[in-house]
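Chains as they are written, first to last, in full-length UniProt numbering: chain A, 1 to 258; chain B, 1 to 855.
Bear in mind the hints are in silico, worked out from the structure with no lab data behind them. Values in this document were obtained by computation on a predicted structure and should not be read as measured data. Wrong hints could be hidden among the right ones.
Claimed, not checked - Which bits of chain B does chain A cover? Going by a derived footprint, with three or more residues having C-beta under 8 Å, they are:
no.	segment
1	472-484
2	763-777
3	844-852
What the hints assert, rightly or not - The following label-pair restraints were derived from C-beta to C-beta distances:
no.	chain 1	residue 1	chain 2	residue 2	range
4	B	A845	A	D242	41 to 51 Å
5	A	G27	B	A845	12 to 22 Å
6	A	P130	B	A826	51 to 61 Å
7	B	R473	A	A126	19 to 29 Å
8	B	R473	A	G127	17 to 27 Å
9	B	A845	A	H150	31 to 41 Å
10	A	D242	B	L10	30 to 40 Å
11	A	P130	B	P466	23 to 33 Å
What the hints assert, rightly or not - Short derived list, chain A residues pointing at chain B, Cβ under 10 Å:
no.	residue
12	A67
13	S85
14	D89
15	L92
16	V100
17	F104
18	Q105
19	L113
20	L125
21	A126
22	G127
23	S171
Each residue gets a CB set at the ideal place from its N, CA and C atoms; glycine is no exception.
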Amino acid sequence: MSHTFPSLSSPFTEPAAHASGLTKTYGKGEARVTALDAVSVEFARGRFTAVMGPSGSGKSTLMHCMAGLDPVTSGSARIGRVELSSLNDRQLTELRREKVGFVFQGFNLLPTLTALENIVLPLRLAGRRPEAEWLETIVATVGLAGRLAHRPAQLSGGQQQRVAVARALASRPEIIFADEPTGNLDSRSGAEVLSFLRDSVRELGQTVVMVTHDPLAAAYADRVVFLSDGRLVDELDAPTADAVLERMLAFEAQGRTT
Amino acid sequence: MLRTALRNVLAHKTRLIMTVLAVCLGVAFITGSLVFADSTAAAYRASMARNYADISVSVTPTLRPGASDQEQYGALDDTLVRKLSTLAGVASVRPEANGSVTLSAKDGTPIRADSMMGKFAAAYVPGADGKDSRYPLTAGRAPRNSDEIALDRGTAATADYVLGDTVTLAKDGPVLKKHLVGLVSTHDSRVNAGGTLAVFDKVTAQKMFAAPGRYTQIDLTATPGTSQAELADRVTAVLPTDRAEAITGSAQADQQSVLINTKTHSYERLPLLFAAVSLFIGTFLIINTFTMLVARRSREIALLRAIGATRRQVVRSVLGEAALVGLAASALGFLLGLGVATLLPSVLDTSGDLLPSGPLVIGPTTVLAALAVGVGVTVLAAWLPSRRAARIAPIEAMRTAEQPPSATVSRIRGIIGLVMALLGTGLLFSLSDATSATDDNLQTAMFGAGILVAGLIALAPLLAGPVIRLLGRLTARLGVVGDLARENTLRDPRRTAATAAALMISTTLVSGLAVINQSTNQALDAQAAAGLSADYIISTRNTTTAIDSDAVQRVADVPGVRTASPVADSTISAGPYVKAVSGVDPKTVDDVMKLQFLSGSIKNLAPGKIAVSHSFARDHHVTTGEQLKASIGPGTSDRDRPYTVIGVYQDNPTAQDVLGYRADVQEDSYLRDSVQRILVRTTDGAVSRDLEKHLRAAVSDSPLLKVQDRDQLVQEQAGVAGELMTMMFGLLTIGVLVSALGMINTLVMSVAERTREIGVLRAIGMHRSGIRHMIQLEALCVAAFGTLLGLAGGVFGAWKVSGLANGAIPQYSFSPPWATLTLIVALSLAVGAAAAAVPARRAAALSPLRAVTDA
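Using the sequences and the accompanying hints, generate a full structural model.
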């Protein structure tokens, strides 16, 4: 499959998303919790990046802030060249609609819509007509042909998550955020979904950022960044599951000794 | 389990607010009407006790129909008064000459002209001190001769009279003018509640209301130690047999109480109807609420089951929760009901009955009724959801994913609904050939309509799909928001149907009533005009007042009058029926009434002969040429005489049920030789204000008389349906109110259930406004569904029932009031939109993060 994004064929080397000095705190006074502590990270275009860390490390918060779901306390979060903190709710909504795709742990499909309707929902919200050819491409990629008229309740978990991946791909976003996409799936379905995400990067030139705590899942990525206690602590290119596991264990050991 | 129930109620108190409000509304109406009835009755009893406090025994003449005043009141003279005052045990004797007069206010408008009651007249009978203790003077002096009058000070204030003015009044005939020389006060509650009181000097009052030198009544006060019954026996012993009788004060008060009870109970009907409707509609809201609560808590319930709760305990917990909600609603409704009770007198038109005011009386029955109804309805309605809760299997506690609501509707329900709807339709269709509103037919109609509505309620979940999909064609134009709204409404058809049911029932009732009301009004209009060819009608307001007989000639002499045809109105009793008879002059009647004779002719009308209306002929099984035994006026059956029927005419409201020869009717009527109507035909049908003024002058501007042209008559006829309108709009308001509560309830819950979904929509790019519009459209879909169904049921029912009215009102034809129906639809949709306001705003305010954080 030779389909590529026009924007990616340009010699533009700016990262798809970028955080610098990103800080997020919740609560006030005594109850104040720092979820992200001056995190700076780049997510390169056309790459599959995994964000890893133990629970409470701030990896989900990082994703929420980068995707424009949660406002940042200080620092900068950008998608392309757009600074998220400069946008109001309406502009943020449009940004998510046009430039961001989501895959959630709980699938989060609309139960009243068929698979196909779910896939084209972001396009319809934007008032755009889905291109038939592109739609066929993604439906074929995630292997849903023949299931398109089904409602989510009639699909298995793996199938639902594949619909969610197709939905994220449909509007050709600049970046897809996947939040523990395999968390609710058995290992076979999980592996399928991860392959689709990787294929979308390799074959369709998509950019994907995935939050996970599973070293096996992280091994599908091109690069892994590690978060601990709200800070970026390490990263790893072309990871293998063993290498990721090793690093994780190292952090935990470190955490215990300090 | 009671503790669980209590905890649940407290945990979901915001969820339950709408349910509480709906139940509370119904309870308020019940409490209000009961408290109102009790309070009014108590106030009446109190005022009666005051009015009869110093009356131990009253002597009244024995009623003798047809007797002259002299014969009637002959026994009650000063000789009898003196004789009574010498009886042992009599403390004081007070003769009275009471009656009724209609006063004109200073500007000429008659006061309480349309009411038979509350227009009191009395004689000023000074006691030993030269004063009448019943009517203490507050200004001026007592009337001394036939040119003078005193008024109750409240009456004078209402009529705008001051001392020295000339007061215009009439008893039952000519207009009288008298000088106002004094103002009095009275403790008679009927006067103080808005009645009028005129006081005359003794001689004048005797002439007016009894006979010269005679009284209408003699009141006696017993000495201490003498019982009322003892005194009554002693009095009876000295009364001339068959001419006067004695009645104790307490017996009179008792008679009044019975009268009052019937009256106050008749006032209960409307609020109780409102209560029934609001509670019935509220039932759907309760069922919906508890179904949603049970669904939302299914995991919790499953957990309870898993750790050992029995099914019965689960049912009891849900019902206990319902009982607590019902209790809270009853308490609140009870308080609200006290407000309703204070407002009721001004909402219901009670001025005709002069209800006394008094403190609110809260009887134990009222409290029990409020509690029983509030708790009973809530628990009964929650029974179905509680069964559903009991069916939740313990294994569901282990399931992680939420079960989507089942979109299936039981087939049995569909079949039952279909059978009921068909049965109802069939019953209504079976009436197509019926042309008379007999009780049987009416019962069938009510029954048919009821079953049809019940069938529609049962079918509603099945109809929701197709109807909302049809509506969805409209919402689809609004893009993805419209599609989502449609799909969300279809998601749980049972919930949608139950939410829409409230609106459906009220729309059915109101649209049905509106159609019948409109059709009846048009028929009455057509009828009022149809039977009449006169251009003006001069009429008394009842058969016991008369137009001065010289006035007929004066009216005929007014320039521009072609014919002035006098009509004597009375009643005619034949068998068990009492019908209205018009005594007419056969020579002139054709000029002023449009009479369509089915057989015979008015020309043959002569003494001893009558013509009868079509329905009278049918009810009494008489036809032209036959004889009918009947009596005219306040006679009894022993005064029946034979009348020959000389013709049968098409029912005509101007001619009434029977046309008689005028002299025949006048001879036996309530006021001998009197005329109650003058039908006036003008030259060329001219109608003008000047002419009207001249006609009024010709009848001495009497406060007893109405001068109306045809248009005014038609308008007055339309006013008859006023009570129906009050009921209609009352029902509409209640229906709309309870529906709104139900809709808010459903929407708030459904937003809460869909927090995650709404978060996803926001995350993948729906604007806040999109979310808001989606929720609003959902509400509109539900409202439109309920309204459409209700409209169909109501208009269809009214159309089928319209056949029944044909017999009663020949001009009746089915005519839907488009403007009113449009208003009803608009109002219902507006309710949908308004109900959505808060839930929609709440939904729109949800953060997109809820997609990932809300489990």
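Evaluation of the provided hints:
With 4 residues carrying a beta carbon less than 8 Å from a beta carbon of chain A, the segment 472-484 of chain B meets the three-residue requirement, and the given coverage holds. A count of 7 residues in the segment 763-777 of chain B with a Cβ less than 8 Å from any Cβ of chain A is obtained; the coverage claim is therefore met, three being the minimum. For the segment 844-852 of chain B, the stated coverage by chain A holds: 5 residues have a C-beta nearer than 8 Å to a C-beta of that chain, and at least 3 were required. Between B/A845 and A/D242 the CB atoms are about 47 Å apart, so this pair conforms to the stated range of 41 to 51 Å.
Separation of A/G27 from B/A845 is about 21 Å and conforms to the stated range, judged on CB atoms against 12 to 22 Å. Distance hint check for A/P130 and B/A826: the Cβ-Cβ separation is about 38 Å, which falls outside the suggested range of 51 to 61 Å. Distance hint for B/R473 and A/A126: a CB-CB separation of about 23 Å, consistent with the stated range 19 to 29 Å. Here the CB-CB span from B/R473 to A/G127 is close to 20 Å, well matched to the stated 17 to 27 Å.
Checked against the hint of 31 to 41 Å, the pair B/A845 and A/H150 passes, with Cβ atoms roughly 33 Å apart. The hinted window of 30 to 40 Å between A/D242 and B/L10 is violated, with their beta carbons roughly 54 Å apart. At about 29 Å, the CB distance of A/P130 to B/P466 agrees with the hint of 23 to 33 Å. For A/A67, the shortest C-beta to C-beta distance to chain B is roughly 8 Å, which falls under 10 Å, so the interface hint holds.
Contact between A/S85 and chain B, as hinted, is not supported at the beta carbon level, the nearest pair being about 16 Å apart and thus beyond 10 Å. Here the hint on A/D89 is kept, as its CB sits about 7 Å from the closest CB of chain B, short of 10 Å. This hint holds: A/L92 has a C-beta 9 Å from the nearest C-beta of chain B, less than the 10 Å allowed. Proximity of A/V100 to chain B holds as hinted, the smallest CB-CB distance being about 8 Å (cut-off 10 Å).
Interface hint status for A/F104: upheld, as the beta-carbon distance to the closest one in chain B is roughly 6 Å, under 10 Å. Satisfaction of the interface hint for A/Q105 is found here, the shortest Cβ-Cβ separation to chain B being roughly 7 Å, below the 10 Å cut-off. Taking 10 Å as the C-beta cut-off, the interface hint given for A/L113 holds, the closest approach to chain B being about 7 Å. The beta carbon of A/L125 comes within 5 Å of a beta carbon in chain B, closer than 10 Å, and the hint placing it at the interface holds.
Annotation: A/A126 was flagged as interfacial toward chain B, and the flag holds, the nearest CB pair being 6 Å apart, inside 10 Å. Below 10 Å, beta-carbon pairs count as interface contacts, and A/G127 has one with chain B at about 7 Å; its hint therefore holds. A cut of 10 Å between beta carbons decides the hint on A/S171: the least distance to chain B is about 8 Å, and the hint holds.
Consistency with the previously given hints fails for numbers 6, 10, 13, ordered from lowest to highest.
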